[in-house]
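Chemist: Protein chains in written order, with the working numbering: chain A, 16 to 299; chain B, 9 to 291.
Hints in this document: simulated from the structure, not taken from any laboratory. Do not take every clue at face value.
[As the list claims (entries may be wrong)] Restricting the straight-line Cα-Cα distance to at most 30 angstroms, the calculated cross-link-like pairs of lysine-lysine (BS3-like) are: (1) B:K273 to B:K30; (2) A:K121 to B:K273; (3) B:K30 to A:K138; (4) A:K121 to B:K174.
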Amino acid sequence: MEVESLSMISNPTSGGDIVLAGVTKRFVTPTGQAMTAIRDVNLKIGAGKFCAIVGPTGCGKSTTLTLTSGLDTPSAGTVHVGGRQVDGITPGVGFVFQHDALLPWKSVIANVALGPQLRGATKTEARELARDWLTTVGLSGFEDHYPHQLSGGMRKRVQLAATLINNPSLLMMDEPFSALDVQTRAIMTNELMRLWEQTRPSVMFVTHDLEEAIAIADQVVVMTVGPATVKDVFEIDLPRPRGQIQDIRFEARFLELYKMIWTSLREEVERSYAMAASRKAGDK
Amino acid sequence: MSGAQEIDVAQLARARAARYRKLVLAGRVGTLVFIVGAWQLLTDYKIIDPFFAGSPLGIIERLADWFTHGTAYGSFWYQIWVTMEESLLGFIAGVTAGVFFGVLLGEVPLLSDILTPYIKVVNALPRIVLGSIFVIWLGLGLPSKVMLAAVLVFFVVFFNAYQGVKSVDRNLVNHARILGASRLEVVWHVVVPSATSWIIASLHVALGFSIIGAIVGEFLGAQHGLGLVIATAQNNFDTDGVFGAMLIIGIIAISAEGLMAMAEKRLLAWRPARTNDNNAGGI
Ligand SMILES: Nc1ncnc2c1ncn2[C@@H]1O[C@H](COP(=O)(O)OP(=O)(O)OP(=O)(O)O)[C@@H](O)[C@H]1O
Ligand SMILES: [Mg+2]
């Protein structure tokens, strides 16, 4: 891990703050109509902060990450990272996608080594680094497997290694652990926290698991039903380092925060169900 | 409790599969023997006219004659070599151009929007007639055949490569872009490999077209090649000769197909094995 910390220090874009101002994104649906995915999102995430985003399904969480990473441009409003307006891929960004994004024709090691190679490392250097990262995510011995030969959880871990190997100063994580079983999930979350505390990238972490969100984040953002906007932002003042996330759930402050945030989130989830039900009734 | 039973079941299934394979093989050999035998007998007894239908023994005699004494325009081996050379060069040129332009137009929508109507027009033409133009332009030698084969191959490969590029998973492209890939690197690491399965699917048809291109080109005017052998046999009403040359072309095509299946296996090694892979050699 020595190598990574060193290169973080020499990385000037490290952990810039993220500012979304009046961000709206519209898509053209297959039927040709415009649909608003997110509207007027205002959000500020301090440099090196860990921000968890929760909200009903389909509200626009992934879209928010896509705009911040520079993969897509907002229809209105601006995104700034480290004081610089996002235009093209944000420098130093890493993205763990919600859906599988490993290249199926590359072996596990080649997938993980791709990032450094694209950034100019030689093949041997990249492979060596990739081997270390595979060990970190508990997959040494699987170097020469192809992604389809791994389980869903293993693929997710390869994805994690492939992203973290680039030392992102800005990390987008879209439900990274949703494919994992509870035990692996706890291990991976603890591992992620350990790595994050070493290099302190700014993180946007989408999850449906409120407990997970509170346990790991500095800030929990609740989004409304789609077209989503920011409903509430909760500062999580639990002290760090927080230790094992399995244990923190029983602390009084945790439960207090949980109740507060859940009340906010539940309204939106219920509204989202009500809307789906009324749409269904309307169709008939 | 059922360990031994399971082994029995597995063994039984294997034995049944083996018996089935034998049956299929016997059926195939039987079919061949029946058709060839009936053909020979029917022509022997003049039930059908051997002048029109040829006969298996006649074909063998004719081929033996060609192989030992050569044809009017050089050894028979040389004619085979010329046709193979034309097909192969046409195949390589057509595939290279098809992949290149398929990827280019797939990646640059403006270009494809401009060129689409023209490509459709050219594709709608019966391209075989281009052979005549190529003979006028390039003469009776090798280039005109290579050109015709390449044009036939080009369109098949082009459309598949284009489709392949268009159906690339956006998620994978985004992943590569985030990792720091430039436009060209995205093409190299994501677009081309993902279009490869599409391109390879087109190569089987393309291979057939490259041989058709070479043969038809030789029909239209040539100094060497199996197409010329067939044309000459046709002019002499030499039915056995036409069938003999056809047989040789068939053997070439099947061998090439076999080589390609091997290449395909290597290129697509990363793909999950399909459950029906064991009948891959089926039809
Ligand atoms: N490329 C696109 N074209 C059209 N509509 C889109 C596109 N991407 C997203 N949408 C729409 O935008 C809305 C928000 O999508 P998004 O993926 O951001 O939701 P999400 O909050 O991440 O949901 P989930 O929690 O289920 O992942 C959805 O209604 C979706 O249909
Ligand atoms: Mg999503």
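Chemist: Of the hints stated earlier, which fail here?
Modeler: 3
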